[in-house]
Every structure is written in C-alpha cells, then in structure tokens.
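Trainee: With the hints in hand, could you dock these two chains into one complex?
Chains A and B supply the protein sequences, listed in that same order.
With positions in the first sequence counted from 1, the corresponding number in the numbering used here is that position plus 16.
With positions in the second sequence counted from 1, the corresponding number in the numbering used here is that position plus 347.
Keep in mind that the hints were calculated from the coordinates and are not lab data.
C-beta atoms are modelled at their ideal positions from N, C-alpha and C, and glycine is treated no differently.
Treat the hints with caution; some may be incorrect.
Unchecked claim - Cβ pair distances, simulated, as ranges:
| id | chain 1 | residue 1 | chain 2 | residue 2 | range |
| --- | --- | --- | --- | --- | --- |
| 1 | B | ILE399 | A | LYS121 | 50 to 58 Å |
| 2 | A | MET17 | B | PHE511 | 26 to 34 Å |
| 3 | A | LEU93 | B | SER509 | 52 to 60 Å |
| 4 | B | SER482 | A | ASN99 | 45 to 53 Å |
| 5 | A | PRO218 | B | PHE483 | 34 to 42 Å |
| 6 | B | ASN397 | A | THR247 | 22 to 30 Å |
| 7 | A | PHE98 | B | VAL487 | 47 to 55 Å |
| 8 | B | ILE506 | A | ASP249 | 44 to 52 Å |
| 9 | B | SER482 | A | LYS28 | 30 to 38 Å |
| 10 | B | LEU502 | A | THR266 | 17 to 25 Å |
| 11 | B | PHE432 | A | ASN83 | 45 to 53 Å |
| 12 | B | LEU376 | A | THR247 | 39 to 47 Å |
As the list claims (entries may be wrong) - Covered stretches of chain B, going by a simulated chain A footprint (3 or more residues, C-beta under 8 Å):
| id | segment |
| --- | --- |
| 13 | 397 to 406 |
| 14 | 410 to 424 |
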Amino acid sequence: MQQIINFLIRNKTFITYLVLLFIALGLTFNAHSYHNTKFVNSANRITGGVYNTTDAISDYFHLKEYNEQLVKENRELRSKLFNTPASSTERAQLPPGDSLQERFKVYPATVIKNSYSKERNYLLVDRGSRDSVGQDMGVITSQGLVGIIENTSSGYATVQSILNTLSEINASVKNTNNFGSLRWDGNAPDVVQLVDILRAAPIKEGDTIITGGMSSIFPKGVPIGTIRDFTLDISENYYIINVALFNDMTTLDHVYIIENLDREEILNLENTTNEQ
Amino acid sequence: MNNSSLSNALFFITLVFLQVTLFNRIDFLGYLNPFIYILYLVYHPYDKENRIPFIFTAFLLGLCIDIFSDSGGVHAAATLTTAFFRPVILRWAFGLSFDHQTIKIGKTTFGQRFNYLILLILTHHLVLFTLEIFSFAHLVILLKKTIFSTIFTLLLCLIFVSLFSKKRT
Chain A
17 MQQIINFLIR NKTFITYLVL LFIALGLTFN AHSYHNTKFV NSANRITGGV
67 YNTTDAISDY FHLKEYNEQL VKENRELRSK LFNTPASSTE RAQLPPGDSL
117 QERFKVYPAT VIKNSYSKER NYLLVDRGSR DSVGQDMGVI TSQGLVGIIE
167 NTSSGYATVQ SILNTLSEIN ASVKNTNNFG SLRWDGNAPD VVQLVDILRA
217 APIKEGDTII TGGMSSIFPK GVPIGTIRDF TLDISENYYI INVALFNDMT
267 TLDHVYIIEN LDREEILNLE NTTNEQ
Chain B
348 MNNSSLSNAL FFITLVFLQV TLFNRIDFLG YLNPFIYILY LVYHPYDKEN
398 RIPFIFTAFL LGLCIDIFSD SGGVHAAATL TTAFFRPVIL RWAFGLSFDH
448 QTIKIGKTTF GQRFNYLILL ILTHHLVLFT LEIFSFAHLV ILLKKTIFST
498 IFTLLLCLIF VSLFSKKRT
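If we strip away everything but chain B, and leave its shape as in the complex, we get (with noise of 0.2 Å):
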C-alpha cells in the first residue's frame, strides 16, 4: 500500500459516499439525478500494461452504488464498460501523445477537458439507462433520461474538475 493507492481509495469511499447521500437525493425536475461517482474514472492513471486492476476496481464501484440504490447490477456493467473503453476515449479527446505522458487533467485545454469528460459520461449514461430501463417501448423516456443526465453530470464534473485539479496534479 503506498501513498497513491491510499489516496484512490480513499477517492473510491468518498466518491460513494457523496453519489448515495447526497446526489442520488437530488432529483432535480423529478428525475435527475447527476453520476459523479464517474469522477474516479477520470481521475485513474493510465497504465497501458495492467489494466486489470483499474477494470476491476471500476466494476466494484459500480456494484457499491448498485447495492445502495437496489438496481441490481446496471451501475457495475456501465462503470465496467466504460473503464473497458477508456483508452478510445482518451485516445479520441487527446490524440495518440497521450501514450507518452501521464495525462493530468488539470493540465489540458478546456475544449480537450471537455471532449473526453462528455464521451466518457455519455458511454456510461447510455448503458447505464438502456439496461435499467431495458424496453424499447421507453425509447423516449431512455433518450431523454440519458441526455439530460448527461448534461447536469457533465456540468458538475467540469465544475469540480476546475475546483480541485490544481490540488491533485
């Protein structure tokens, strides 16, 4: 256990304390809800050799929300599926140097910033919502849970991206 794997479980703890306590309670107009719980998968270090771990720890995430909020396992296949393509992603919003240097987000440019925070949160909504409402007879309802969801998590994350980059880079 060194200094950084203490700190990123400590991330993890918080992360799931702050989505069940306090953001899963905001139903803002009735049914949103922001995910920034994704936070941690932003913030993960990249390491192309192993990513076993990562994958992992992103699915036992996902399970710890879906325990809190009784959803079966919708929150552990989206947080999974997403950490599984992050590395496109990433390739996607900050071109093929990113192999070479660690990424540190509070470092990048807004537009690249937000690229890479919208595909990662639109995947992971995307599932998230085709598995838990898993009917295309709700195709409306899906559309327009994962868009708005997309834009108020999206909001939240630029927001605490900007507030405490500096500390963590």
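So here's chain A without its partners, still in its complex pose (with noise of 0.2 Å):
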C-alpha cells in the first residue's frame, strides 16, 4: 500500500496529465458525435456576450453593405409580389391558422460568430429559447442555406453550418425529382457536394440545387447553389456533384431561422410507424 502511495506521490504529474489528456479527449469525441456537444459550446453567456460585443463593433464597418443587400431582397420580394397572379395573392390572404399559410414560422436573427476555415464549423447567433429558438430548426439567408441550430443557450445558439463534415442535408436538383444528401469534404468553402444521386438523373453543369421536402427541418425549395461538376463515385451508380452555394458563407450576418411547426408531428408518427 505504501509503495503505491509512494509511486502515485513520485508521478503525480504524469497522473494529472492524464487525467486532464483523458478529460480533453472525452470532450474532442464527444464534438465529433453529432448532437453531443452539449458541455464545450459557445452558446452561453460569457462567450456570448464577448462575440455580441466585438460584432457591434465590425457590424458598424458594414452597415452599407447590409444595406444594399437588403434592398436588393426587398426588390425581389416586391417583384415576386407584383408578378403573383391576383388568384393566388388571394390566396395568400387567407385567415391566419389556415394549414397551408402556418406550417413554418420565421425569426430574424444575426451571426455574431461565423468560422469556416476548420473541419467542424459553427456558427454563434444571437437568438436563444428566450426567442423560442429550439434544437433543429433550419437557418438560411435571402440567398440561400446556412445550417441547423444545434445548442441553445437563453439568449444564444450554435449553428451547425453546411460547411461541417458532420452536417447532412436533404438536397435535391430543381425540376427533378432526385433527391440526395448534402456534405461537405472539408476543402472550399464556396463548394459542397451533392452525393447519391442516381446515375440515370438528368444532370448537367449549372444546374440548380435546391433542399428536398424531406427533412422535417427544411421547406422544399430553400436555393443551394448550382452545379459546378459531376463524378461518379466508386461503385459508378450514384454521382458526387460539387455544388457552387450561393450563399458567399465567409460574410454571413442577418439570417432567417425556420421553425417547422408540424415537426413534432411529424417526428412522432415515424417513431410510431417505426415502432410497429
């Protein structure tokens, strides 16, 4: 017993350093899993408040920038607007609580962390469950797609970005009806790849990407990106498609984050299909 006290005593810093090794590694695995960086995030209040701060700052250096950007939005809105025959802008008029009109909810919100030069990147918004922002709802910008929300803090949320080797993503080509999953291979951060799509899909060079009605988490038709080239993959039956995003993901501030009402309500009738 002595000597094993002794022996801790003389290592003991070789024993702390595992610890602590043991500790950090756990921490690194558990990031590698989806959903599972609940502990090391940066939506809290501390980190929140430091990144709120610093983008008051590098946000007044852009103001003309947002400006533009969404003027040019507004114009696009109007001339969508403007150009709806009368039949439908009725109907768009419709009492709120019609089916149609309320199956997804928008709020608005602002990066106040973007990353995009690592492997894994998230992104800081500053909406939390305060503002009702949960787990899984989709963001996007005017342009197109941004992520998921991944944690929430009261006045905070991570958001896992497409450009995340773990993110994937209902996608599909417009005008088609091929649906395959969204990735990222961790190289441009302008591309992200297009994965099983059949080999018999008529594709070609920019094509439009736009999200699939799939997921729970996405409306169907949220844009992408186009088609920049195609290969077929090993086994030659699916085709990787590298997709140029629309969204330029390096000068992300305002975002919309969804939220699919009917999701709940989606999630338990495939548990409950799944269960029988």
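Mentor: The following block contains the structure:
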C-alpha cells in the first residue's frame, strides 16, 4: 500500500496529465458525434456577450453592404408580389390558422460568430430559447442555406454550418425529383458536395440545387447553389456533384431561423411507424 | 495572490480575449489562423518541483479557447500536451544549463529562441490539427494546415517576443 502511494506521489505530474488529457479527449470525441457538444459550446452568457460586443463594432463597418443586401432582397420580394396572379394573392391572404400558411415560422437573427476555415464549423447567432428558438431549426439567408441550430442557451444558439463534415442535409436538383444528401469534404468554403444522386438522373452543369422536402427541418425549395461539376463515385451508380453555393459563407450576417411547426407531429408519426 | 500570479492571470485573460476576438478571425488565405495564446506557455516561469499548477492552467487555457470556438476539447488537449512536454523542449533548446537559472526569453540568443518557439508551436499544432481533423484520409490537409499555421504563429510569436521581452524581463 505504502509503495502504491509512493508511486502515485512520485508520478503525480504524469497522472494529472493523463487525467486532464482523458477529459480533453472525451470532450473532443463527444464533439465528433452529432448533437453531443452539450458541455463545451459557445452558446453561453460569457462567450455570447464577448462575441456580441465585438460583432456590434465590426457590424458598424459593414452597414452599407447590409443595406444594399436588404434593398436587393426587398426588390426581389416586391417583384414576386407584383407578378403573382391575383387568385394566388388572394390565397396568400387567407386568415391565419390555415394549414398551408402556418407550417413554417420565421425569426430574424444576426450571426455574431462566423467560422469557415475548420473541419467542423459552427456559427453563433444572437437568438436563443427565450426567443423560442430551439434545436433542429433551419437557418437560411435571403440567398440560400446556412445550417441547422444545434445548441441553445437562453439568449444565444450555435448553428451547425453546412460547412461541417458532420452535416447532412436532404437536397434535390430543381425541377426533377432526384434526392440526395448534401455534405462537405472540408476543402473549399464555397463548394459543397451532393451525393447519392442516381446515375440515371438528367443533370448538367449550372443546374440549380434546392432543399428537398424530405427533411422535417427545411421547407422544400430553399436555394442552395448551382452544379459546378460532377463525377461518378466508386460504385459508378451515383453521382458526386460539386455544388457552388449561392451564399458567401464567409460574410454571413443577417439570417432567418425557420421553425417547422409540424416537426413534432412528423417525428411522432415516424416514431410510431418505426415501432410497429 | 502575489504580484506575479496576478499578472499571470491578467496575461491569461488578455491572451484568450485577443485570440478569440482578433486572431481567430484572420483566416489568411481562407484557412490560416495563428494561435498566439501559446505565448502563455512560452512565458510561464519554469518550476521544476511543482508542475501541476502550470499543467492545469494550460488545460484551462485550452478549454477557454475551445468554448469560444466550439471545437470540443482539441485546444485543451494540444495545450495540455505541450505544457507537459515543455521541460523536454526547454532542454533541447537551451541545453542542460536551464535548470540552474530562470530562463529570460528576452535575453537568449535568436537561435535558441527560434528553436524553443518552433518546437513548442509544432508540438501544439500537430496535436491540435490531428485531433481536429481526426482522419487519415485528410492527411494532406492535416500536414498543410500544421506547417503553414506553424509558420504563421511562429512569425507572430517572434515579433511579440522581440517587441515585449524588455518590459517583461
């Protein structure tokens, strides 16, 4: 017994090192699996506060850019509104509570920490659970897709960016019914990969990629990007498509958080079906 | 709390703040960021008898950076490992004599300083990017990131040391 205690005392530095290393590795491997970065994330009051302050300063220098972006978005929405046939405008003015109208709820938010140079990129936005933002809501900009909410605190939320090797989002080629999943290989911040599109699919360079309606997170038809080039995978049955993003992921600021109000219902239904 | 531990804590906080608000946002060439918070390990006085506080604060430093940059525990593991192996690196860089005197990095020759910094930074970055990328399929990215980030961090650390060493010694 004495010897064991002596041994422990002699090697106390090494043992401290091992224990701490074990903790650090535990946190790392936790973060490598989806939805498990519960303990170490930047959605808390201190980090959120620091990023909020610094973002408020840097925002000031980009005001002109943001204004132009908003004017452009407004113009697009206006032209859509004026060009819609009267019958569908009337439908758009149905009283709230209509099932078509109320499937998705949109909250505005600001990105206060952006990241795109790592393998697993997370953003921080200034909306949290007290603004009724919760896990697994979608995040988009006026141009296209950004990511999915992963963790929330009362005032902040972390977003798993599409520039994250763990991210997997259902997407399809516009005007066809070919679905695949959108992933990222960790290389360029402006190109993501669409995999699992069948070889028989009629695709060509320049085609638009949009979100597919098969996820319970995003509405169908959120723009993602255009096809830059494509190759066949090893089995030669599926395409690997490089998609050039519409969004410039390096200069994100104003984003919209989308809540699917039917999500719980869909998940419950899926669960009961799986149990049977 | 004496004067040295107070200035130590202040240095700690300043480094974390600078790292997360300034140096994490550089993204030179799209992916390069210097990790200047490693200066904490460079400057920390060497205490041969009781290394546990140093190792522990190094872990804490890494963890702070991790919380800010949503990276799990990679910075914590890298900083911890570098702190643990620092005596070995000190011996390689300054020879055996370092045990008898407290090293003042501002008073060393450029060669010694260069060796010391590059060994510390290389250890740190290698552990960091290995854990961050964690896949042999991306070996090229791993090496590319490690080497270029090391150069970047090294340059900034050398500048910092030559600018501020007189004040600190």
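Trainee: Are there hints from earlier that the structure breaks, and if so, what are their numbers?
Mentor: Violated hints: 2, 6 and 12; rest satisfied.
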